[in-house]
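Got chain A; can you put chain B on it based on the hints?
From first to last, the protein sequence lines stand for chains A and B.
Residues 1 to 232 (this note's numbering) make up the first sequence, in order.
Residues 233 to 449 (this note's numbering) make up the second sequence, in order.
Among these hints, one or two may not hold up.
Heads up, simulated PhoX-like pairs for lysine-lysine below, C-alpha to C-alpha not over 20 Å straight-line [unchecked claim]:
(1) B:400 x A:139
(2) A:71 x B:355
(3) B:401 x B:248
(4) A:72 x B:355
(5) A:3 x A:183
(6) B:241 x B:401
(7) B:400 x B:241
(8) B:400 x B:379
(9) B:348 x B:379
Hints are computed from structural coordinates only; laboratory data are not their basis.
Here the structure is a predicted model, which is why all the values come from computation and not from measurement.
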Amino acid sequence: MKKVVANADEAISGIQDGMTLMLGGFGLCGIPENSIAALVKKGTKRLTCISNNAGVDDFGIGLMLQQKQVKKMISSYVGENAEFERQLLSGELEVELIPQGTLAERCRAAGAGIPAFFTPAGFGTEVAEGKETREFNGKMYLLEHAFDSDYAIVKAWKGDTEGNLIFKGTARNFNPMMAMAGKITIAEVEELVQPGELDANEIHVPGIFVNHIFKGVNYEKRIEQRTVRVGS
Amino acid sequence: MLDKNGIAKRIARELKDGYYVNLGIGVPTLVANYIPEGMHVTLQSENGLLGMGPFPYEHEVDADLINAGKQTVTTLPGSSFFDSATSFGMIRSGRVDLTVLGAMEINDRGDIANWKIPGKMVKGMGGAMDLVASAQNIIVAMMHTNKAGESKLLKECTLPITGLGCVKKVVTDLCVMDITERGFELRELAPGVSVEDVKKATDGRLVIEGEIRQMEL
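Just chain A, with the same shape it has in the complex (with noise of 0.2 Å):
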């Protein structure tokens, strides 16, 4: 089956209303841009979003968030969002708040074949509320379970036709295990090249994880704390 496809529109073409989304990224690094904003016009609604973030304002998720796309939000850190605020006070969106390791692991157990594992993340916290909790060595865990998420939408550095990536610096993060943890994976890419054009040996992601591919347009990659130093 032929994994390429055009652009973020056709990408996207079977994400409906009331599916859940995974979308890699952590704040605005290594965020599908084009994809969003092909949701954003396209106007599917009742989402749940699984993301470390949910954007800022005016970009990120935070577009989706604008155009309330946004049912549910699972995230572990939602500040710098003042839109995001807004709806959750007003009750007009639902957030789940989850530690970042537990995240991070209930993707990667969603993409291993794992459904539950557990963790001392939480432990005694409101995390913890209604979770099954055991002792391993002395020690308390939380049963935390894999995610179960309709499509996963991913960004990364360079892909090729067989669906293989390559992901660069910190814009990793969430992408590889959310790229093995969707029914259906989306990889947009900065670069799309032809099989034997990657290292076989640098491949972050195998292609058997990816279903669509398409190189994206126009990256921004904005910078929410740009901090330099003086001096060259």
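For chain B alone, kept in the frame of chain A given last:
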């Protein structure tokens, strides 16, 4: 009394050669500025970077290279990148030797609250719950009292908890304390601070015994 940089400077004295260290957002980040000359310390940033370097010069800024505070950073010779699951694997399996975190409140049993103020602030816990649940060596960097002058070192935390019984040491603008089963054990006083000042500013069980040193910075 110490300012934020003074707190960071004192915490830097806890570093040891060869340590892998995770520094939280805010005052903890400043600790990186006081790593002793010649000491090899590797900074872990939980968004997927081991061996975090200083902020970039203008021409080095790379949107694909940030720290967990979303600030642009650089790499160093020997740095590595990895995904978030691997990052928290390092943390949960106890590879990180020292974790420095800020806190809104701690109590005299080492519980910490630093992620939520009900009805006011809902930002989320980020990686803090994973870090405090697994790190063996956690130092809290914080001001001793809040803006209203109320103690942040309590008998019981009033805010939602991030983790139970995890804080072993706290460095504030006033002093250094170890947290043991007896409570906050005063070890060192900041310049110009008296035992009385610490007593007044501490709400939880306070143990004042043995030699109380003047802080060396």
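Hints, verified against the model:
1. Under the criterion of a C-alpha separation no larger than 20 Å, the hint pairing residue 400 (chain B) with residue 139 (chain A) is consistent with the structure, at around 17 Å.
2. In summary, the hint linking residue 71 (chain A) to residue 355 (chain B) is supported, as the alpha carbons are separated by about 18 Å, within the 20 Å threshold.
3. For the given pair, residue 401 (chain B) sits about 16 Å from residue 248 (chain B) by alpha-carbon distance, which is consistent with the 20 Å threshold.
4. With a C-alpha separation of about 15 Å, the suggested pairing of residue 72 (chain A) with residue 355 (chain B) holds against the 20 Å cut-off.
5. Taking the CA atoms of residue 3 (chain A) and residue 183 (chain A), the gap is near 15 Å; set against the 20 Å cutoff, the hint holds.
6. The hinted pair formed by residue 241 (chain B) and residue 401 (chain B) meets the criterion: a straight-line CA distance of about 15 Å does not exceed 20 Å.
7. Under the criterion of a C-alpha separation no larger than 20 Å, the hint pairing residue 400 (chain B) with residue 241 (chain B) is consistent with the structure, at around 18 Å.
8. For the proposed pair residue 400 (chain B) and residue 379 (chain B), the alpha carbon gap of about 24 Å is over 20 Å, so the pair is violated.
9. With a CA separation close to 17 Å, the supplied pair residue 348 (chain B) and residue 379 (chain B) stays within the 20 Å bound.
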